[in-house]
Amino acid sequence: MQPVRVQHEFEKFVERVETRLISYLRFSLRDHTEAEDLFQETLLRAHGEWDRLAEMDRPDAWLFRVARNLMINRSKRRQTERRALNEKVHESAVNNASPAERNELRRAVQAALNDLPQDQREAVSLKVWGECTWVEIGVTLGVSEDTASRLFSRGLKAIAPHLKDLKP
Amino acid sequence: MTTDLEHAMAMLRAASIQPDPDRRERVYKAAQGARSIHYLWPLAAGVAACFIFGLGVLIFLAIGGGTHQPLIATANIPQAVNSAPDAGGGTLDNTESTGGSTQTGSRPKARPAWVTKQIADVGAPPIGLGGGSPPAGGGDSSGGSGSGFGGVTGGGNDPLTKVAKLAGFTVFSPANLAKYTLQHATIERADKTGAEFDILRIDYRLKDKKLLILQAANTNDARNALSAEGLDGTAFSVVRDGTVVLLVSNDLTIEQLRELELKPVK
Numbered sequence: 019m020q021p022v023r024v025q026h027e028f029e030k031f032v033e034r035v036e037t038r039l040i041s042y043l044r045f046s047l048r049d050h051t052e053a054e055d056l057f058q059e060t061l062l063r064a065h066g067e068w069d070r071l072a073e074m075d076r077p078d079a080w081l082f083r084v085a086r087n088l089m090i091n092r093s094k095r096r097q098t099e100r101r102a103l104n105e106k107v108h109e110s111a112v113n114n115a116s117p118a119e120r121n122e123l124r125r126a127v128q129a130a131l132n133d134l135p136q137d138q139r140e141a142v143s144l145k146v147w148g149e150c151t152w153v154e155i156g157v158t159l160g161v162s163e164d165t166a167s168r169l170f171s172r173g174l175k176a177i178a179p180h181l182k183d184l185k186p
Numbered sequence: 009m010t011t012d013l014e015h016a017m018a019m020l021r022a023a024s025i026q027p028d029p030d031r032r033e034r035v036y037k038a039a040q041g042a043r044s045i046h047y048l049w050p051l052a053a054g055v056a057a058c059f060i061f062g063l064g065v066l067i068f069l070a071i072g073g074g075t076h077q078p079l080i081a082t083a084n085i086p087q088a089v090n091s092a093p094d095a096g097g098g099t100l101d102n103t104e105s106t107g108g109s110t111q112t113g114s115r116p117k118a119r120p121a122w123v124t125k126q127i128a129d130v131g132a133p134p135i136g137l138g139g140g141s142p143p144a145g146g147g148d149s150s151g152g153s154g155s156g157f158g159g160v161t162g163g164g165n166d167p168l169t170k171v172a173k174l175a176g177f178t179v180f181s182p183a184n185l186a187k188y189t190l191q192h193a194t195i196e197r198a199d200k201t202g203a204e205f206d207i208l209r210i211d212y213r214l215k216d217k218k219l220l221i222l223q224a225a226n227t228n229d230a231r232n233a234l235s236a237e238g239l240d241g242t243a244f245s246v247v248r249d250g251t252v253v254l255l256v257s258n259d260l261t262i263e264q265l266r267e268l269e270l271k272p273v274k
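Residue numbers (this note's numbering), protein chains in the order written: chain A, 19 to 186; chain B, 9 to 274.
Since the hints were made in silico from the structure, they are not lab data. The structure displayed is predicted, hence computed values, not measured ones. You can take every hint at face value.
Where chain B lies over chain A, by a calculated footprint (3+ residues, C-beta under 8 angstroms): (1) 22–34; (2) 37–47; (3) 51–60; (4) 140–150; (5) 169–180.
Derived, one-sided and incomplete: chain A residues facing chain B with beta-carbon distance under 8 angstroms: (6) H65; (7) G66; (8) L123; (9) R124; (10) V127.
Just so it is clear, CB atoms sit at the ideal spot from N, CA and C, and this is done for glycine as well.
The following block holds chain A by itself, in its conformation from the complex (with noise of 0.2 angstroms):
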């Protein structure tokens, strides 16, 4: 079995990275289930390689990746139906909120992303949730660290008069 000083470390991980990842995701797939769903997977996946996690400079960044391949794969299998369903899933999302979460703030957040292209709207979630570089950023986006830097920019540019009047 899996040593406990292992298991210990393994439980920190999670912790530490656990606000940012879900963030990430719920706001980058706009559907909160999923998000859980994904969190779950992309967890156990580190689980499972965590021996050669914990060896790596930035286990993070790594998370990241994992995350975002996950959410492209089933993107791409529920394309059609999200296509049909896009209106109903993203008042789903909203309605089906736990109550603690269902405030102006992030379904304000939500809908300002939601008007995003995809890729500035996982530059802005990857950037903000998820503490990633740049040079991170264009590794998990395929894209060059200017490019990450410049989908990021403009990705916010778009959603700061939407968020303009909100108070935190």
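Keeping the supplied structure of chain A fixed, place chain B upon it in accordance with the hints.
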């Protein structure tokens, strides 16, 4: 604008999803389950492999694999006996195909009546000689050749050599048979003997002493027909070089019959 961007950044960060212990717990449980499978699967794989192997063995045995071939019916094997019915059952000499078992478990084909009669005639009182007259030279016991022998199929001075060529098996003659003379050497066909195979009959005579040698190609039926078991009189049977040889005498003992040097006739 910068202020707007900074404000937007602040709003985005403020919108972060809060930590949830239940969410983490679900991850830990899932990881624990995955770990159990990771460490138990070799055991499960081993159990499955053993099960499949055992199933394969059972199927293999069920379809008859691995079973031993039944022993050849040894009652068909010619065996040496003496005149006392219960005293027989010695091992065979120089048999090629058998180990000389003496058991009588299987049902041999019945000995053809013709064979029985020939054997019985050997033990019968010497009323008259069958076949040709004795040679002018008297008892040449070489057994391999003779002059003036009658009743020999094909004629000639070397009847055994001639019949040996006609027989479909190796023909043997006693090389050390003292004073006996060859009387007959004939191949009796199946329609005469009632057997399903040809039988070579060789008669040796020394006055009223007879030695009958019956030979046939080694088959189950031939071994049955030319078995010495259960015969009255002195008889010895052996399988050699693919030929069943039955020797019956009203004079020689079992040991003497056994010690006869049977040589192939060229």
